[in-house]
Amino acid sequence: MTALTPISRTPVSFYVPVVAAAGALAGLFVGTAQGSTILGVLLGAILMGAIAFVITQIIKTEKASRWGVVVLLAIVGFLLGGLPAAIIGGLFGWFFGWFSFWLYEGRYRARVAPYLTPGQVLWHFTFRVICGAILVFLITPILVVMPLSFNAEDFFTFTPEMLRFDPEGYSLKHYEDFFTNADWQQALANSVKIAPVATLLSVGFGTLAAIGLSQPHVPFRRAIMAILISPMIVPLIISAAGMYFFYSRIGLQGTYMGVVLAHAALGIPFVIITVTATLVGFDNSLTRAAANMGAGPVTTFFRVQMPLILPGVISGGLFAFITSFDEVVVVLFVGSAGQKTLPWQMFTGLREQISPTILAVATILVAISVALLTVVELLRRRSERLRGMSPG
Amino acid sequence: MSNGSATTGPDQITGATPDNAMRNADRADSGPMLAADGTTLKSSLNRALRRQKLRALMLIAPLLIFVLLTFIAPIADMLFRSVENQIVSDTLPRTVAALKDWDADGETLPEPATFKALYTDIFIAQERKLHTRLGSRLNYELTGVSSLFRKSGRKVEDMGEVYQDQFEDLNGYWKKGENWNALLGTPAWLEAQNAWEEDSGAAQPAFEPRPEIAAVLPQTTATFEIFADFVQNEDKDNLAKKDPWALVYSALYDDLTAGADVAAYAGPGATELQEAAAAVSGFETVDFPTAFEDIDEDWQSLDVWQTLKVYSPNFTSGYFLNSIDMQKTVDGPALRPENQRFYVMLFMRTLFMSLVITGSCILLGYPVGYILANLPAKTANLLMILVLLPFWTSLLVRTSAWKVMLQQQGVINDTLVWLGIVADDSRLALINNQTGTIIAMTHILLPFMILPLYSVMKTIPPSYVRAAKSLGATNWTAFWRVYFPQSVPGIGAGSILVFILSIGYYITPEIVGGRTGVFISNQIAYHISSSLNWGLAAALGAILLAVVLGLYWTYDKIVGIDNVKLGG
Numbered sequence: 000m001t002a003l004t005p006i007s008r009t010p011v012s013f014y015v016p017v018v019a020a021a022g023a024l025a026g027l028f029v030g031t032a033q034g035s036t037i038l039g040v041l042l043g044a045i046l047m048g049a050i051a052f053v054i055t056q057i058i059k060t061e062k063a064s065r066w067g068v069v070v071l072l073a074i075v076g077f078l079l080g081g082l083p084a085a086i087i088g089g090l091f092g093w094f095f096g097w098f099s100f101w102l103y104e105g106r107y108r109a110r111v112a113p114y115l116t117p118g119q120v121l122w123h124f125t126f127r128v129i130c131g132a133i134l135v136f137l138i139t140p141i142l143v144v145m146p147l148s149f150n151a152e153d154f155f156t157f158t159p160e161m162l163r164f165d166p167e168g169y170s171l172k173h174y175e176d177f178f179t180n181a182d183w184q185q186a187l188a189n190s191v192k193i194a195p196v197a198t199l200l201s202v203g204f205g206t207l208a209a210i211g212l213s214q215p216h217v218p219f220r221r222a223i224m225a226i227l228i229s230p231m232i233v234p235l236i237i238s239a240a241g242m243y244f245f246y247s248r249i250g251l252q253g254t255y256m257g258v259v260l261a262h263a264a265l266g267i268p269f270v271i272i273t274v275t276a277t278l279v280g281f282d283n284s285l286t287r288a289a290a291n292m293g294a295g296p297v298t299t300f301f302r303v304q305m306p307l308i309l310p311g312v313i314s315g316g317l318f319a320f321i322t323s324f325d326e327v328v329v330v331l332f333v334g335s336a337g338q339k340t341l342p343w344q345m346f347t348g349l350r351e352q353i354s355p356t357i358l359a360v361a362t363i364l365v366a367i368s369v370a371l372l373t374v375v376e377l378l379r380r381r382s383e384r385l386r387g388m389s390p391g
Numbered sequence: 000m001s002n003g004s005a006t007t008g009p010d011q012i013t014g015a016t017p018d019n020a021m022r023n024a025d026r027a028d029s030g031p032m033l034a035a036d037g038t039t040l041k042s043s044l045n046r047a048l049r050r051q052k053l054r055a056l057m058l059i060a061p062l063l064i065f066v067l068l069t070f071i072a073p074i075a076d077m078l079f080r081s082v083e084n085q086i087v088s089d090t091l092p093r094t095v096a097a098l099k100d101w102d103a104d105g106e107t108l109p110e111p112a113t114f115k116a117l118y119t120d121i122f123i124a125q126e127r128k129l130h131t132r133l134g135s136r137l138n139y140e141l142t143g144v145s146s147l148f149r150k151s152g153r154k155v156e157d158m159g160e161v162y163q164d165q166f167e168d169l170n171g172y173w174k175k176g177e178n179w180n181a182l183l184g185t186p187a188w189l190e191a192q193n194a195w196e197e198d199s200g201a202a203q204p205a206f207e208p209r210p211e212i213a214a215v216l217p218q219t220t221a222t223f224e225i226f227a228d229f230v231q232n233e234d235k236d237n238l239a240k241k242d243p244w245a246l247v248y249s250a251l252y253d254d255l256t257a258g259a260d261v262a263a264y265a266g267p268g269a270t271e272l273q274e275a276a277a278a279v280s281g282f283e284t285v286d287f288p289t290a291f292e293d294i295d296e297d298w299q300s301l302d303v304w305q306t307l308k309v310y311s312p313n314f315t316s317g318y319f320l321n322s323i324d325m326q327k328t329v330d331g332p333a334l335r336p337e338n339q340r341f342y343v344m345l346f347m348r349t350l351f352m353s354l355v356i357t358g359s360c361i362l363l364g365y366p367v368g369y370i371l372a373n374l375p376a377k378t379a380n381l382l383m384i385l386v387l388l389p390f391w392t393s394l395l396v397r398t399s400a401w402k403v404m405l406q407q408q409g410v411i412n413d414t415l416v417w418l419g420i421v422a423d424d425s426r427l428a429l430i431n432n433q434t435g436t437i438i439a440m441t442h443i444l445l446p447f448m449i450l451p452l453y454s455v456m457k458t459i460p461p462s463y464v465r466a467a468k469s470l471g472a473t474n475w476t477a478f479w480r481v482y483f484p485q486s487v488p489g490i491g492a493g494s495i496l497v498f499i500l501s502i503g504y505y506i507t508p509e510i511v512g513g514r515t516g517v518f519i520s521n522q523i524a525y526h527i528s529s530s531l532n533w534g535l536a537a538a539l540g541a542i543l544l545a546v547v548l549g550l551y552w553t554y555d556k557i558v559g560i561d562n563v564k565l566g567g
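Note that the protein sequences, when read in sequence, are chains A and B.
Under numbering that gives the first Met the number 0, the first residue of the first sequence carries the number 0, and numbering increases by one thereafter.
Under numbering that gives the first Met the number 0, the first residue of the second sequence carries the number 0, and numbering increases by one thereafter.
It should be emphasised that the hints constitute simulated quantities derived from the structure, not laboratory data.
Ideal Cβ positions, reconstructed from N, Cα and C, are used throughout, including at glycine.
Treat the hints loosely; a few may be bogus.
Said to hold, decoys possible - Quick list of simulated restraints, FRET-style, between CB atoms:
1) B/L427 x A/R163: 17 to 27 Å
2) B/T378 x A/I353: 34 to 44 Å
3) B/L415 x A/W97: 56 to 66 Å
4) B/L415 x A/T4: 16 to 26 Å
5) B/Y463 x A/T4: 21 to 31 Å
6) B/I323 x A/D182: 35 to 45 Å
Next up, chain B with everything else stripped away, as it sits in the complex:
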């Protein structure tokens, strides 16, 4: 274009024409090339390109958003769950804070203040019915914690009742919920609350603490707020008709013994409060460490407290350590005792069986791929149906077929007995073990090996082998040195495909695998639906996902993502 000469031919037209633009470009030697409308060619091109890109993206966007929402977000959620551990700090916030300074390596139990925090936390948690959830969560880490929490949840109220009884014995005033509301709430709120009708459908007026009393009795007010929030928003009960938790009484005791300036308060209940303040010094107190020991002596064991401390952060590597047979201890990750190791063995078994399945698929698929590629097209297409029909048949159908065939009283054993190959009383155990899984999965995945092998072998010219033979190679040499190396890409593609598919298989091992023939995926399913240890399921899934993505990356390098073929 730069050679285009502007001197040829008379050109009378002025303004934006391609010719003029070219002339302009020529005239301004060092300046950029200009498009017809005067902008530089580069920016004009860029604009057109941008529009094209934008249009392509607009077409892709709906699906991309759809997949991101329905598929990628769930995967991300699973990965998040594999490290997420907020349940401990959410359920026991005060205990977690109190444990922060406790030396977990030492030989001493936490301070009594920590036990007191634990009392408050468990009290609230058991009202919300959250303590059993936390118990089962920590039970994955230390057996026995679940029952410990359940037991503590049942009995923790007794500790508070020690104070509740004493306050109530002192003065009947403390028994009634309405007195508490009058003491702790603002008058405006109290009026609204008393006027509120349960059946009216209107929202319950939210509790408002009285500022004067909040200054005098900070702990009591804070505890009562938690109670009020729970009654109004979680239990959906009428706060005007509820008596406070025993926990509120112990908070009141704490406030009063801490030297609350009750004389500064003059609102409703001031006399009763002053009477109580005078009396608390004579109250029977609760020694929280001993009280917890009375509930269960496990509260005196360092293990429980160490587990609590180790799992108190919001995020934990504990699930991942569990899935490789390790555990989190105060000294960092450590191997589990020999008899508790399971997952590494399971991962090994999954890998091993997937390898065996891939191997048998190569063994069985190679001859079939070869013969399909070398037969005349008509016969090959006919035989191809035999490969494609199982490929297209429902997985459940094929799995049920194998279940039927492999049983002790199934078709294969019956045939073998009828032929006299095995005796009637020593029928082969082909199902509910590794043999069953390997046979059934080899059959199910075989088409995934044959199809890539076939498409690679189809491209190998037969003349190469003939040339090798005419040069004096034996059959074996011609095959091994000439044909086989050319078919290796097919083996690679098929093997990775089969391996990726088999490593994550769930249905077939579940049905024909019994106890010894199951894969890691069955354990994931078990943790999701039976043991409810979702974090561990997520961690196992994350590891499996990493392996599969690694393999898939290899597949992409060898075969290319765009070369995935479906059904020949």
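Chain A with its partners taken away, still in its complex shape:
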């Protein structure tokens, strides 16, 4: 966004106290951590206020002074608490350097509407800080798991060695455990055996049905749709209970086939939803044109319709795959020890013998989901492009 408001430098009486207040807040935490709150607050306020004044009024060259603050605070941190504190100090330095100039040059005003009152500007930024905090809340658990999976100890928290960035505090032993432990490997093998077959079933049936549902005249369309979507609506525990009862009646409980069928049923709504969504934009005159030129229904389907709805089918399939790959409640009831999947192993791991190998597995799964997310996003774009190209 380009600047909305012409900016001008602000008076010392405005930005130095603000920076000092921020410094006091930072000092509050550092001080408490070091054992003296009041001293921390005072020192933080005075130090940061002074720095802000010096770099804006005396040194004045922005780039050099901001780097200077980073180095200065990193050294202070290092003297106080070694390498980790040095890094925190450096970050503080970067922030305060930027913050001082941001306020001093009046840049904070540049991108907000010129008619806002100071109070409104303050709210504007407070609101962004709140949103930032919520986004941090969303992402932190995932970010915390990753470094912890490299823990050299069997702890679930950061050891002092890790905080010191001591290479000895880190190791790949949990990953090694995952790749060598028979239990985990068996679980992985089971997951890999179950998920693709379940996905294939749901994609095969689901795509056909989605094409049927998109025809102009379908009797009982709403009722059929409701039945097909129901596996997504019904709480998993109820599906699991029902399947457990019913499958043990017909001898499918505790079998590979039972788990595959159950997972296929759970994946179907996702295929139906994504494929029907793709078919909404499908131009039926294309199939008529194909038929007009002599193509049979099968040729028409594979040469005309299929390529156009393929992105939808694949992303539906990915959803179904993820559903099966992540699913634990149903497999817990429908499966037996022979069908123990990765999530099941994680679940027992979390409930009984807590082992940090779970964190290594979690990190691997996060990597997989990032990859899948990317694929789905690319497919979505491709689908939009394809539909944009088709006439009508």
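Based on these hints, arrange chain B on the given structure of chain A.
The following block gives chain B in isolation, referenced to the frame of chain A:
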């Protein structure tokens, strides 16, 4: 079309052309419109439409059948199990029949005949090892019944042995299984049975009662048939080598004391039978009520018999009453005593915590949805990744992350201690309680709130708020009176989605909820896998299902089933 005139232009072609059809239609004013082939247009259209419908249904049919079989049938089975109660009448058919006329409200115990029926039923049930199952089933309704049945099953044989011993003392003939087979079976069957070899793999010849003896000793024959069926089909033993149950002896005693016309019978064992018939009047008898009292005096308690009677029908509302803290009594449904109430509290807690989770999701999701909808597209897409990444990450990964972070020695407590906000010895209890469940589930369900909010807020034109402000509204008024009402559909959709999802959650409460932070679904799982009270699990599930379907119906009314979006 009706204005189409047939007089324009010479048309020499006769037969089925569209023009001719139209002309025909015009000529026959009152007649129906005809298609080219002479059928009425309406039926022709209908036929084409029917073909289309049929094709659509053919495409849908495989999946529909698949879902019906793999998903709807299990749900129906669960609903059936929540009322099904055939185990009592299947295991104790005679007792149930005898109890039909017993006045459960009265102060008297059932007739001795009922005790006798109970003896027969329990005897057969313990041979089939079914009495413990029934015991544990009834134990859900009345504590102590399980051990009562187990004890009775062990000792019920003693009652029959009273008669068995006396018959055997009278004549050694009665000791041997082959004598019984000769007496009660047809000669043809007996021959086949004796010729049968266990290792041959051929089916054992099914027992056939001798018609003459069945007329004389009806009860004995019937009991022996049950015994023979059990040995041949359930135990897979050679009937020729088995001695009958003690129960058969008591049936024989009953037949003989009832005045069986033994003189009419002349087949094998006739002399022994006549000897026995003469002797039975001097036999020591068993007083069944007293005998049962000797096993356990609980058989003298009205509670046990009332429970038996109340649960004797094939279908029962008992499980549903249990799941709302009531119980079935002879006087109809009644509330359980204060200290046994649990499920209503659990349902309340599930609802309350789901509401709190939905509330915190609104609080946290609204600002994020707003900022995503109002930032320039490029930045918004970048921030959207932060929302979508947790959404796409395995549920187990996120739950394990929270378990790690919320522990006493976990990351959050460590950070708080390091910052000096809490003292090292008073670390916060964030896990294994409601706080843990609420924090973790809010995080897990937050994307489900943000995504619908975002898609609704994206459609709100920013000019409305600007217009409000230019007309003199303050920031707050512009937001509250102009922006907020337009975003309400998003809040509604997100809230119902989050609420539906959270009310049925199992994994996260199970791992971070401890004892006080668990939901109704955890209790369902407990009843399926630990307490094995499947009927109660099914009833709790049915109630939960009804709530969810009700909410889902509301969701459909507000948002529409077709508007479910996945991953933005």
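For this session: Go ahead and decide if the range 21 to 31 Å is satisfied by the Cβ distance of B/Y463 to A/T4.
Result: This hint holds: roughly 23 Å between Cβ atoms.
Exercise. Does the Cβ-Cβ separation between B/T378 and A/I353 fall within 34 to 44 Å?
Worked result: Taking Cβ atoms as reference, B/T378 and A/I353 lie about 40 Å apart, which means the hint holds.
Problem set entry | Status of the given 17 to 27 Å range, CB of A/R163 versus CB of B/L427 | For B/L427 and A/R163 the Cβ distance comes to about 26 Å; the hint holds.
Exercise. Taking 16 to 26 Å as the hint, is the beta-carbon distance of B/L415 and A/T4 inside that range?
Worked result: 40 Å, violated
Exercise. Quick one: are B/I323 and A/D182 within 35 to 45 Å, going by C-beta?
Worked result: 42 Å, holds
For this session: Look at the Cβ atoms of B/L415 and A/W97 and judge whether their distance stays inside 56 to 66 Å.
Result: With Cβ atoms ~28 Å apart, the hint is violated.
Hint check: violations occur at hints 3, 4; the rest are consistent with the structure.
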